[in-house]
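Protein chains in written order, with our numbering: chain B, 1 to 169; chain S, 1 to 420.
Simulated from the structure, these hints should not be mistaken for lab results.
Please read all numbers here as calculations on a predicted model, not as lab measurements.
Certain hints may be false.
[Claimed, not checked] Pairs of lysine to aspartate or glutamate residues, derived as EDC-like cross-links and limited to a Cα-Cα distance of at most 20 Å, are as follows: (1) B/Lys101 <-> B/Asp77; (2) B/Lys167 <-> B/Glu48; (3) B/Lys146 <-> B/Glu104; (4) B/Lys91 <-> B/Glu104; (5) S/Lys327 <-> S/Asp225; (6) B/Lys42 <-> S/Asp225; (7) B/Lys83 <-> B/Glu94; (8) B/Lys91 <-> S/Asp302; (9) B/Lys83 <-> B/Asp33; (10) B/Lys123 <-> B/Glu154; (11) B/Lys146 <-> S/Asp225; (12) B/Lys123 <-> S/Glu360; (13) B/Lys146 <-> B/Asp162; (14) B/Lys146 <-> B/Asp121; (15) B/Lys146 <-> S/Asp270.
[To be verified] Chain B is nowhere near these chain S residues, computed Cβ spacing over 10 Å in every case: (16) Val158; (17) Ile159; (18) Lys228; (19) Leu249; (20) Val254; (21) Leu291; (22) Leu304; (23) Ala359; (24) Glu360.
All residues carry an ideal CB built from backbone N, CA and C; glycine is no exception.
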Amino acid sequence: MAEKKTKRRDFLFTATYAVGAVGVGAVVWPMIDQMNPDASVKALASTEVDVSTVNPGNTITVLWRGKPVFIRRRTQDEIEEAKSVKMEELKHPEKDEDRAKNPEWLVMLGVCTHLGCVPLDQKGDYNGWFCPCHGSHYDISGRIRKGPAPTNMEIPEYKFVDANTIKIG
Amino acid sequence: MSDHEYTPQSKAGKWFNDRLPLLTLANHLTDYPTPKNLNYWWTFGGILTFCLITQIVTGLTLAMHYIAHADMAFESVEHIMRDVNYGWLIRYIHANGASMFFLAVYIHIFRSLFYGSYKAPREIIWIIGIIIYLLMMAAAFMGYVLPWGQMSFWGATVITNLFSAIPFVGEGIVTWLWGGYSVDNPTLTRFFTLHYLIPFLILGLVVLHIWALHVPGNNNPVGIDIQKPSKDTVPFHPYIVIKDGFALLMFMIVFAFFVFYTPNILGHADNYIEANPMVTPAHIVPEWYLLPFYAILRSVPDKLLGVIAMLSAIFILAALPWLDTSKIRSAVFRPLYKQFYWILVADVLILGYVGAMPAEGLYLLIARVATAYYFIHFLVILPVLGFKEKTLPVPLSITEPVLGGSPNLAMAKNKESLTK
Chain B
1 MAEKKTKRRD FLFTATYAVG AVGVGAVVWP MIDQMNPDAS VKALASTEVD VSTVNPGNTI
61 TVLWRGKPVF IRRRTQDEIE EAKSVKMEEL KHPEKDEDRA KNPEWLVMLG VCTHLGCVPL
121 DQKGDYNGWF CPCHGSHYDI SGRIRKGPAP TNMEIPEYKF VDANTIKIG
Chain S
1 MSDHEYTPQS KAGKWFNDRL PLLTLANHLT DYPTPKNLNY WWTFGGILTF CLITQIVTGL
61 TLAMHYIAHA DMAFESVEHI MRDVNYGWLI RYIHANGASM FFLAVYIHIF RSLFYGSYKA
121 PREIIWIIGI IIYLLMMAAA FMGYVLPWGQ MSFWGATVIT NLFSAIPFVG EGIVTWLWGG
181 YSVDNPTLTR FFTLHYLIPF LILGLVVLHI WALHVPGNNN PVGIDIQKPS KDTVPFHPYI
241 VIKDGFALLM FMIVFAFFVF YTPNILGHAD NYIEANPMVT PAHIVPEWYL LPFYAILRSV
301 PDKLLGVIAM LSAIFILAAL PWLDTSKIRS AVFRPLYKQF YWILVADVLI LGYVGAMPAE
361 GLYLLIARVA TAYYFIHFLV ILPVLGFKEK TLPVPLSITE PVLGGSPNLA MAKNKESLTK
């Protein structure tokens, strides 16, 4: 008899805890989610850039989602250098062809994948970018070659709207 | 705690105290028996309380003039500096006050390390202290972001990006912390809110810290348990109040020197340039008080492991009461520990120095050796030392070395000689 009573109480306790947990969760989640990007931040998702004035061997930097995007018009030598790198030498193996669909134009997030600084153009041991914060070296394809950064600089979604205009995002 | 019952003398006092025993608490605090041999290293608890109150008062007044918005924050800080009556003074006290707070807390922590104040029965005091220290770092970091200069912006970017090292969910956490895709206005407003909140959390923890302290009472330079109250103790008021007050005055001279003569020496010139998400300053470094941990972060060539090493360097302190296996508290009676203690002090200073230097060449090598030694000290040397070290004989009371003439002779005394 005593055993049966305990079981009924256990059921009531468990049911109460479960309902309570759902209630607490329903209140806590909005408090957490309010910190995520809001609708106005999400709305600023794409940027169009006119690249007609960029000469070979030059880089322009544009702001997209509050972050710098490097658009580099690469010279023929640079393209060949980027393509000639063997995959075994890379910490994060990616072919240059996969990073720059049009090899003349390298479009990538100018954000070091270590801790988010903006790397400097035409610096470092690999003739590409160098991050001043913690010493990561990137090559002319934006691939990590030396230093603490774990991955290559990210390629955002982009497309050529026409010959002179790139739409990022 | 003082064991005797307290009854207020006035009738009104008795009436009030029966309903809310605040006078009993005040009496406990004034009569609180304190070891009579406390040296000046023990005055930093009071100094730290002063620092906290200073930061809260100056912070409240600054918040009356500051605007937490990415477009206006930088200008509002300049407005405080140029237009607000005594704004320059209040801001310089607040900015240098953070450095003074850390200076005092590091002395306080290293005093505990030297005299073994973290050991039983004071583990909870120590752990609350470590939590306060963590909150101090969070408050200081977020406060440094508020002027929205270049160092503010890029410091915030680098530190929040530490979370991106967490596998799978890291990127999501960083976006959540930012409230966007980069450090921006939503980040600034939430940092301001939290920067405002944390000092009050610290205040609450300070009450717990002192409460936990008043259960076993203060440790002391000799590091032995004492009878309270006894010949070995003096009441907190007036003895310790006067001593703490004098030390506080000396500390305030140093504080005032920074505020009035070199108010910007501990900051970075780059922070007088408004935040620019397109350009990272050539050499970003955190404030001086975070440099040792920054050096540990940079000495590990892997992102995730670097973050883990840096956080472990802080959290390892919480485990210290169990890592140190020696029963003897004070380094005065631990000849080997005393030497390792000073090596650790040097190690942390070296880490701080290389943390401010570029992470390359010889600096990187030194940082790696110093990082390795930091962990070896806590994980290998301290546990082993407790078993291997030949400690010196500990006196039976604080009074014994004094009455016995030469302290060293007295330390060698055994119990029989005292009872004779």
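Against the structure, the hints:
1. Our distance criterion of 20 Å between C-alpha atoms is met by B/Lys101 and B/Asp77, whose separation comes to about 17 Å.
2. A hinted pair counts as satisfied when its Cα atoms are at most 20 Å apart, and B/Lys167 with B/Glu48 qualifies at roughly 4 Å.
3. At roughly 24 Å between alpha-carbon atoms, B/Lys146 and B/Glu104 are farther apart than 20 Å, so this suggested pair is violated.
4. Among the hinted pairs, B/Lys91 with B/Glu104 is inconsistent with the structure: their alpha-carbon atoms are about 24 Å apart, more than 20 Å.
5. Distance restraint check for S/Lys327 and S/Asp225: the Cα-Cα separation of roughly 12 Å lies within the 20 Å cut-off, and the hinted pair is therefore satisfied.
6. The straight-line distance between the Cα atoms of B/Lys42 and S/Asp225 is roughly 62 Å, outside the 20 Å bound, and the hint therefore fails.
7. Taken as a hint, the B/Lys83 and B/Glu94 pair is honoured in the structure, with Cα atoms around 10 Å apart against an allowance of 20 Å.
8. Between B/Lys91 and S/Asp302 the CA atoms are separated by roughly 12 Å; this keeps the pair inside 20 Å, and the hint holds.
9. The straight-line distance between the Cα atoms of B/Lys83 and B/Asp33 is roughly 44 Å, outside the 20 Å bound, and the hint therefore fails.
10. A hinted pair counts as satisfied when its Cα atoms are at most 20 Å apart, and B/Lys123 with B/Glu154 qualifies at roughly 18 Å.
11. For the given pair, B/Lys146 sits about 55 Å from S/Asp225 by alpha-carbon distance, which is inconsistent with the 20 Å threshold.
12. Using a Cα cut-off of 20 Å, the hinted pair B/Lys123 and S/Glu360 holds, with the two alpha carbons roughly 15 Å apart.
13. At most 20 Å may separate the alpha-carbon atoms for a hinted pair to count; B/Lys146 and B/Asp162 exceed this at roughly 36 Å.
14. Between B/Lys146 and B/Asp121 the CA atoms are separated by roughly 16 Å; this keeps the pair inside 20 Å, and the hint holds.
15. Straight-line distance between C-alpha atoms of B/Lys146 and S/Asp270 comes to about 27 Å, which puts the hinted pair past the 20 Å bound.
16. With a minimum CB-CB distance of about 4 Å to chain B, S/Val158 fails to clear the 10 Å threshold, and the non-interface call is violated.
17. With a least beta-carbon separation of about 8 Å from chain B, S/Ile159 fails to lie farther than 10 Å from that chain, contradicting its non-interface assignment.
18. For S/Lys228, the non-interface assignment is confirmed: its Cβ lies about 44 Å from the closest Cβ of chain B, beyond the 10 Å cut-off.
19. Non-interface status of S/Leu249 relative to chain B is upheld: no Cβ of that chain comes within 10 Å, the nearest being about 41 Å off.
20. At roughly 32 Å, the least C-beta separation between S/Val254 and chain B is larger than 10 Å, which holds for a residue marked as non-interface.
21. Here S/Leu291 stays apart from chain B, with its beta-carbon at least about 14 Å from theirs, past the 10 Å limit.
22. S/Leu304, annotated as away from the interface, has a beta carbon of chain B within 10 Å; the closest lies near 8 Å.
23. Interface exclusion of S/Ala359 from chain B breaks down, the closest Cβ pair being 5 Å apart, not more than 10 Å.
24. Residue-level check failed: S/Glu360 sits 6 Å from the nearest beta carbon of chain B, not beyond 10 Å.
The structure is inconsistent with the numbered hints 3, 4, 6, 9, 11, 13, 15, 16, 17, 22, 23 and 24, although it conforms to all the rest.
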